[in-house]
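These protein sequence lines map, in sequence, to chains A and B. Numbering-wise, the first sequence is residues 1 to 585 according to the numbering used here. Numbering-wise, the second sequence is residues 1001 to 1159 according to the numbering used here.
Just to be clear, a hint being listed does not mean it is correct.
[Said to hold, decoys possible] Partner residues aside, some chain B positions facing chain A, computed with beta carbon under 10 Å:
1) Pro-1012
2) Lys-1014
3) Glu-1045
4) Ser-1053
5) Ile-1057
6) Tyr-1069
7) Leu-1071
8) Ser-1073
9) Glu-1100
10) Ala-1101
Hints listed in this document are in silico derivations from the structure and should not be mistaken for laboratory results. For each residue, glycine too, the CB sits at the ideal point set by N, CA and C.
Here is what each chain is made of, one letter per residue.
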Amino acid sequence: MAMVTIDGRKVEVDAGTTILNAAKKLGIDIPTLCHHPDLAVQAVCRICVVEIEGQKLLQPACAFPVQDGMVVYTNTPRVRQARKVNLELLLARHPQDCLQCVRNRSCELQALAERFGMREIRFEHKLRGLPEDHSTPAIVREPDKCILCRRCVSMCHDVQAAGVLFPSRRGADTVVTPVFGRGLDEVACALCGQCIHACPVGAITERDDTERVWQALADPNKHVVVQTAPATRVSIGEEMGLPPGQIITGKLVAALRRLGFDKVMDTDFTADLTIIEEGNEFLKRLKEGGVLPMITSCSPGWIKFGEHFYPDLLKHISTCKSPQQMFGALVKTYYARKAGIDPKDIFSVSLMPCTAKKYEADRPEMCDSGYKDVDVVLTSRELGRMLREAGIRFEDLPEEEHDDPMGISTGAAAIFGATGGVMEAALRTVYEVATGSELPKIDFEEVRGLKGIKEATVRVGDLDVRVAVAHGLGNAKKILDLLREGKANYHFIEIMCCPGGCVGGGGQPIPTTMEIRGIRGNALYEADRGLPYRKSHENPAIKQIYAEFLGEPLSEVSHHLLHTHYTPRQKYPSVAKTVCGEAAG
Amino acid sequence: MEPAAKSAGVCPAKVSEILAKYSRRPDALVSILHDVQKEAGYLSEEAITEIASGLDIPVSKVYGVATFYTLFSTKPKGQYIIRVCENAPCHVLGAKAIVEALEKELGIPMGGTTSDGKFTLEYTSCLGVCGVAPAIMINEAVYGNLTPERVPLILKEYK
């Protein structure tokens, strides 16, 4: 233990605690910028500098460990002066058009400028004129806004193991970029969008597609249908000023109707459908000696990561489309037929917690209805913008129900949005379909929670089914490397691209921290407990679609509309090749 | 005068040989980059990719290191690299006029490479010969006590 004095008050903390955390214990809020609670210490922005007795130089509180007897001052004229100069230097190279920035009012640099009363910047304002990256349908990079804090680098390398973003060059010329300065479309980027959550400013954002949706809503010839992803029902509240973890399913449906959507249906319905198809695919692989372990396929960031880094393992991935794409294929076939609407007049929007879903919807193979199955993907943040623009207030809204015929869903579908949820939902159905008897206990606690890799063994009939769950691509990589070495002794693996699962998706409200991911996940389990049906195969709307349209699980219609294939992709961008011979020496 | 560099890329087999020499250890990255650059005169995108693949580290990281150090180049360079000292003693004693003379004589701006691939002109930190400032280095050879008038005469040796 160490006794330290901060601003004249004593506090006892573990030796090695940073000054930042020791001060927090005293309720002293030292300002930070490059610091992020879930990421590696950077100590590059020097906003958190403090004075330590006996030390000549100011030291960064985020990185400096306390020692017994240390005396620290966090708010002296010298400290304030240093922080302000550092802020001035950052602002001198940062665009000052905050009103036009998507991160206006959620920007950490802007908040610091306000906190420090930065009324004047004495240095010449000079932008670098770096090119923007609009190469993907999911993520936009504006390096001129980048303050070189390196939080995205830590997220991309340490957490997501994708290694896409890294600082190149040095000093004033430094730029955080994909390799060779290429666009994100040319490198092995999963488009997970976790870099957006890491970014304190607006240097990395989602592609904004709200205008396309406004136009469709205003078009009298379009029948505009929206599907709502599981994780959005516990996060959209945050966009509307509510604290994390509020279950706002009914108000969300009402809000979408107020915006003018003709039908508000539910991705949870196709999550249940995924469980039926994927559960049966798993049982078939077990029975017929198919490729095992089977890996879940709901998370498009994981799929793209797998295609780039593990093309040899694609046969392990379930052929089931994600719930978003199952919905897209059905809305322009099953629903169109039932409602008597020409599918060409249907405009299919999906509300997702995810940036990679924008890419998934644009995949050339996702046109099985004969049209683009999902026309536009909106992230939670984009919907938040639309709701605020329309002046919709959640407190005034009633709770409304999703529309038929793809509106009824179960608790099993709700938990799709949390790490372990797809596995738990699958186990609930696989057990009962395989054994024909009722599950003694519906909750699979072992696969819940934020531990990086979770394992469980479930007795199904006379087989011990071994399952594993990984969330965040860094954890997924550990399991996939084992699988490649032939050491992954599992039957069934769930992989979700984002830490915490979809509740922590790259399209979710800002801020998204590990703590908030956990709170949203718990809310989904609460939603599960409150629903009348908690097993996908008990969903009456699912029984109806098989009776009226699909026939049976893994039928020909199912295969055509609900299953897909994967594409091996390059790990490295294409480069000019040397003609080997004389030149090689 | 031995040419120091070729402006072509480097054969992946050669990169592989260099990686093997360092037992494919990621912590030897800087030494590996030095050796590969020695082969081809610069670090091509292909060479950087081969190194990343061989060491099993992100290619963005190899590129980051290759662009961090000024002695590494990711662009082809001329057969002769002319490095002009940009530190204070040379500056005070007229390095600026030397640069202007070099630019005029070679027909390229500072940082450029002549179209025939023969010369690259760049700045360098102190060459350690302040006693004969202003000074330049052409590949391994140092020239001191320079005047703009001497520049064409020196370059003639290399043309």
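Evaluation of the provided hints:
1. Pro-1012: With a minimum Cβ separation of about 7 Å from chain A (threshold 10 Å), the hint on Pro-1012 of chain B holds.
2. Lys-1014: holds (5 Å)
3. Glu-1045: Interface hint status for Glu-1045 of chain B: holds (4 Å vs cutoff 10 Å).
4. Ser-1053: For Ser-1053 of chain B, the interface hint holds, since the closest Cβ of chain A sits about 7 Å away, which is under 10 Å.
5. Ile-1057: OK, holds: Ile-1057 of chain B within 10 Å of chain A, min 8 Å.
6. Tyr-1069: holds (8 Å)
7. Leu-1071: violated (12 Å)
8. Ser-1073: At 12 Å from the nearest chain A Cβ, Ser-1073 of chain B fails the 10 Å test, so the hint is violated.
9. Glu-1100: violated (24 Å)
10. Ala-1101: violated (27 Å)
Checked against the numbered hints given earlier, this structure breaks hints 7, 8, 9 and 10; the rest are met.
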